[in-house]
Structure formats: C-alpha cells, structure tokens
Amino acid sequence: MHPLIILVVQRIALGLILLLAVSVLIFLGVEALPGDTAQQILGQGATPETLANMRESLGLNEPALTRYFSWLGHALTGDFGKALTNKMDIAQAIGQRLGNTLFLAACAGVIAVPFAIGLGLLAARHNGRWPDKLISGVTLATISLPEFVAAYFVIYLLTQVIPILQPVSMVFPGMTFLERLHAVALPVIVLVMVVLAHMMRMTRAAILNVMQSPYIETAELKGLSPMQVIWRHALPNAVAPIVSVVVINLAYLVVGVVVVEVVFSYNALGQYLVDHVSKRDLPVVQAVGLIFAAVYIGLNIFADVVGIVANPRLRHPK
Amino acid sequence: MSDQMKDLVRLAASGKINRRAFVGRMGALGLSASVAGSMFGMVAQAQAKKGGVLRAGVQGGQSTDSLDPALAASDVPFMINMTWGETLVELEPGGVLSMRVAEEVTSNADATEWKFKIRAGMTFHNGAPVTAEDVVATLKRHTDDKAQSGAQGLVKGIAEMTAEGDTVTLKLAAANADLPFLMADYHLIIQPGGGVDNPAAGIGCGAYIVKEFEPGVRCVMEKNPTYWDTSRGFADTVEVLSINDNTARTAAITAGQIHMMTRVDPKIAEMLAGAEGVVIERAAGPGHYVFIMQCTQAPFDNNDLRMALKLAIKRDEMVEKILGGMGSVGNDFPINAAYPLFDDAIPQRAFDAAKAAEHYKASGHDGSPIVLQVAPAAFPGAVDAANLFVASANEAGIPLTIKLEPDDGYWSNVWNVAPFCASYWGGRPVQDQMYSTAYLSTADWNDTKFVDAHFDELMLAARGELDPVKRKAQYSEMANILRDTGGLICPMFNDWVEGRRAEVGGWVANPAGTLMDGKALVKCWLEA
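Protein chains in written order, with the working numbering: chain V, 104 to 421; chain S, 42 to 569.
Please note that the accuracy of each hint is not assured.
To be verified - When the alpha-carbon atoms are kept at most 30 Å apart in a straight line, the in silico DSSO-like pairs for lysine-lysine are as follows: (1) Lys-185(V) to Lys-181(S); (2) Lys-185(V) to Lys-252(S); (3) Lys-264(S) to Lys-190(V); (4) Lys-511(S) to Lys-197(S); (5) Lys-187(S) to Lys-190(V).
I should point out that these hints are in silico values taken from the structure, not numbers from a laboratory.
Take these sequences, add in the hints, and give me the full structure.
Here it is in structure tokens:
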C-alpha cells in the first residue's frame, strides 16, 4: 500500500483515540465546575425541595463513572440524547447550529483566504517598499483590535451612519441564500478583519524565505517577471507552511468565534456551547466539544497530508 | 375641554407622548391622575391598528431555555410565556388585579377560603376548553412534592384545591388576604391538564400561539384567531428575539430591526432618547439592588456592625452613578412606594460617617478587613457600586474590602452562602409576598438569615388582616424592625428602563415587570 494512505489511516486512528481522550477531559472538566445542572437551572429561585426533585429526575444522583459510561454507550451508537436543561433533541439542535457555524466560517473563509494570500504575495513582491508596509500595517491593526471592538465599530458604521446592514444577524430556516448572506454580512466583515493578518504574514514570510534560493535567481535570470517568479516557482515550494496557517485559521473560524456570535446574536454552535457549559448540561457540552475537537483534528490531518504531498522528500521517504 | 387638553389628546392619539407625560401635563391643567390615566387608555385604544409583525429584543435568553413556565427564570422565557400564556389574574399598573382566566374572585370572611370562577368559553390553542380541572392540575403541578417549579415556595400554603363546575376552590392552611396576587405569578400559567404530560409544549390560552421556538434565539407567535378579548392581540405575528449584547440590542432598535427592547443601559438612556424614532419608557418598580449580610455569621451577627455599614453607604451617589438617576434611594427594607400600604413616614437613612464610626467602635470589631463578595452578575453595575461602598465605608473608618467573584456559579456558590455579598431582588406584587419570600425566619430564601419572632408574628397577623389601617400599621412596624436590626443593606430601587419605537402604540408602563409585565407584545400595536 502507498505509504501516504497508511499514514492517513494512522492519523485518523490516532484522531479517534484523541477524541475519546477529549470526551474524558470534557467530562472531568464539567464535573470539576462548581454547582450542578439543577442548581444552575433553578438559580436564585432554588429551594432544597426543588433541587432534590430536579436532581432525581435528571439522574444527577448516579455516580460520575456510571453517568460517563452510560453517555459513552449511547454516543457510540450515534445517540447523543436530549439536553438536560430543556429536553430538546441534541442531534437536531446541533445539526441546525452546525450548519450556521459552517455557513459563517465558509463565507468568511471564501473571502479571507484568497484575499490574505493575494495580499501576502503582493507584499512579498514589493518587499520593504510602501505597498508591503501599508498591507502589513493595516492587517496588523485589524488583528490587534479585540473582536468585539471591531464588531461595535462596523455596527456603528454600517447600521447607524450608513444604514445598509442589520446589527442582529440571526438566521432561520426558510431564509433564502441571499437573505442569509445579508444577515451575516457584518460578522463576516469582522471575521475577515481578524484572520487576515496571520495568513497574509505567513504567506509573505514563506515566499520571502524561498526567494533566497538559487533557483529563484535562475528563474529571474531566465527573464521571468517578478510576479511570474513568485507564482510559478516560489509559491509551490512555500505551500506547506501557508496551508497549515490557513487551516489553523479555518479551524478558528469554526470553533473560536463565540464573541462575534454573541455580539451579533448569531445562532451558531459557540453560543450554544457556552450556554450549556454555564448550565453544566453535560450531554450537550460533550457533543459540541467533540465536534469542535473533530474539526481541529480533521483539519490538521488535512494540513499534514498537503504538507507531505507538496514536499517530494516527504512524499518519497527513503 | 380646553385647547391645551385637546392638543394633548391629539398627541396621545398619535402616540407622540407617553402615558407618564400625558398624565403629568393633564395634571398641570387640573385633571386628576386617575381620570387622565383612563382617558389616555381610551384615546390610545381607539387608535389601535391591527396587523403587522411586532418584535421585541430581550436580554437574558440562553439556548438552554425551555417553554415550561415552571422553569422560567430570566426575561426571555418570561416574555415568551406571558405572550402565549395566561394566568388566573394579572397585576395592572397601580397594584390592582384584572381578571383573566378567572372571571371573578371571592373569599370567605376570614380569607381562608378563596373561590375563582373560571371564564366561560375560553379555549386552549389545541382546541380544548379551559376548565376548572385544568386550573387545579396546573396549580398542583407547581405545588406538589415532586414539583420543580420556581413558584413552589409561593403557593405551598394552599392546603386543598378542588374543582367543581366552573369554580376552583382553594382552602388555605392559614388566612391570606393577598392570595389572588399570588395567582398572578408568571410561573402559574394555565396549561391543558396542568401541563403534566408535556410541560414545555407552549400550549396555553393566551392571545398568541407559538409557531416556532429556537431556545436562546427567537420565538415566533401568531395571533390566536379564537381569543376572547378584543382589546388584546393586534399584531398578526409577534417575535421575541434574544439579544444579550447591550450594544447590539440598542443598535437594533435605532435601526428599526426591533420595536421594543429591555434593559436600556441607564448611561446611554438620554442619548438613546434623542435618537430618531426611539422613545425611552421608565417604570418605577419594586426591584432593588442589595448588599446582604448574614445575621448569623461573624462579624455580621453584631447589630452595631450592621448599623455601621448601613450608615456608611452613600445612597444618592449610587442612584446617580449606578442607575444614572433612573431609580430611587432605598431605606434598608425591601418595600417602596410601588407597594400598596407602604408607609412613607419612615425616616430616610442617609450617609453619616460620624455615626457609622460610632457604631463601628461600639461593635468591638477587631479591625480586620470586612470582605464584600461581588460579581458583575449580582446586578448591573454591581462591581462599581461595591467600589463606591468601599470608598464611603473607608471614609467612616470601616475596613471594607471587595472580593471579586466570577459570574459563573455566583447564585449557587456565593449568594445565600457567603456572609456578605451583593445581590438583587425583582420585587413582588404585595408586601406579604416579599417578606414571606425572603425575611420570614423559615423562608427558603432568607438570604440575610434574619430571625425575629416578633417580626414573624406580625407578618402572619398582617397576612390574615382584612382591615387595611391595621395592616398598614403592622407592615410599618415590620419595616422598622428590618430597617434597624435586619441584615439587608438596600441602597437603591432600580427603575425599569426600556426602549420602544415611536410607531408602537398602546404602551402603558407597568412597574410589576419588564416590558409591561411581559404583556407588551399582547397589548401594543404598530401604527401604520
């Protein structure tokens, strides 16, 4: 069998073991938090009787180990169960919210990735001169801004000064594609601002690194234009580090955007997870945590594979 | 009617001034507040327009929310439930009850047995008629031993409930002249079969029917075509949107994406009032922000020390800086003018560094730091308020310090556990309910661990007392006991500060709760 396929299979197997370890960690983490689901639901209105009644009906009196293995048994058969707090079906709720998360991440990614790589190439082409400095300065400024500040800024600019977009970005089933795009426009702008700099700077650094190589000099001496040199000779050799940074940022767009979700009231997975952590709703926290972990692990496997395919020395190991 | 009055009526009819301004200006022209108030209602009602989509942006929704009224604990589920559901009676502005599912309420002479006549011809959203049996089943679900309801503590004094024909009879273990007020509690929404089979179905007998509910996001409700009361339910569709971020909610109302919003930040209320198309609504309610000392824990088991702290707080400054002036000073008991039978002759306590120092010295405290535990979740501006408290206490020579706690888990780990912490109370419709919730020595939520046999006796006596004069005197004595010996430091009562679009008609502020006590979507309409 091709060594690459073996490697991918190995990575996936390792990933599954990692997921199991993650589920144990999440369980321990939620257990370690002060207070339990019953206390968090009843809050200031809790009385000893109602607490006892609710613990009984939620099965919180079982030992921790029993609860973990009962959850694991169901999860392995694809049954994530119902939320402890509002008894809603977890798989169904997650399905819809995961769709919203991926939609937002895809919109931001489709704009940010080509834009960042293009700007990185441009900056590398004009290394040290004003276009480079301008691009670096602007993207560093946008990444340095906390997400919620950037969000408030665009809310002010695009809903109050120039009222063309809406500050609340909730999306619902039944909305058309264009309506959805209009709804998520503001969070997408913020996310693009946030992820641009990292990818752009890595592209620039990777290209500049390769530009020192002798074959680049050869290409220049052949008479190729600077952009052709970068496009044909530098970029293919710099692709591995760029892809790994792009992947990290894509993973971030999926799992790390809860602040943006809250500011724009966007109904996606991050907010869903935070709400259930605050209520100690273990089955939901487990399910969402595993999805996030799977996204991270999956994207990292992808980046590794691309890195290997792009590098002949790794592709044909001795 | 004078020309000026006619102008005011015109303004009211077009929704350009609110009830408060209308009554105030009519008062200036010599009209009594009650006449002006009902006039405003009539003028506004006549203009009611049907149709459209009315949206409320509400803070306090989570994706863990449920439609089960027993579990409602924050503004979003409260607002949603009040829109699809209906209680036996409702609390109107001015502290009077209006009849809803109950058509008539009567009691025997000593207030130990109450009869509720159920309104004929009402139906639930599933088509079933609303019967006395449903009402009893609902009350039972919230009160029995297996109940998981936020109302359990309130209604456990009911010894026996029976349904006969169209009448529900509640027999009480002890007399309670305020029992009908308890039935206005937002948990006690009447559900078919008491909601036992499916408590979170969202099926009630209110003016709107739940069409779509995504917890922590929104709830879409449509007009109930068979609803009995024509003075409610004007919009075709209403939506409750959960918008937790203050800035987003504010931006949404100025952009017109929502028609009304809860919790306008007092700091920006004035600016927002200047925004085009936005009106700020205030209601002085019974809600208050508090610092709680547990009377059983050292050093707070010493009344001189408690008194020293009560005297070392600058109340006016707090109302000004924490509430942006949108509230009033508290007097270390949980009652204000929003309650019936409030005694306004009780002298107002004020900051007095010298007296505070005197009491502090008399307490014999060893001078070690007195720790106040606080988290931002305790109430809006809680940490700033605690800092102001520390500054003024230090001025009086009291070594007060702050321990900052995380929001997460505050209500289970700090409140009702720590000897001295910050908290809030939303208030209750009547004095008895407030006192019996948190100041009776045996109350579940007696968070100040206040025990005073005479206070308990007075409370139980007042509960069964039908003579308002005697009752007022009893409440006054209780207030004084709490004020001078209790563990509660109550520096301020917070107003509801809310926003609405100018095109929303029919708004009548109700101090009992946020957004017209949850009925704004049901009672308001959209102009044009």
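Hint check results:
1. Lys-185(V) to Lys-181(S): Distance ~26 Å between Lys-185(V) and Lys-181(S) Cα, so the pair holds.
2. Lys-185(V) to Lys-252(S): holds (21 Å)
3. Lys-264(S) to Lys-190(V): holds (27 Å)
4. Lys-511(S) to Lys-197(S): holds (26 Å)
5. Lys-187(S) to Lys-190(V): holds (18 Å)
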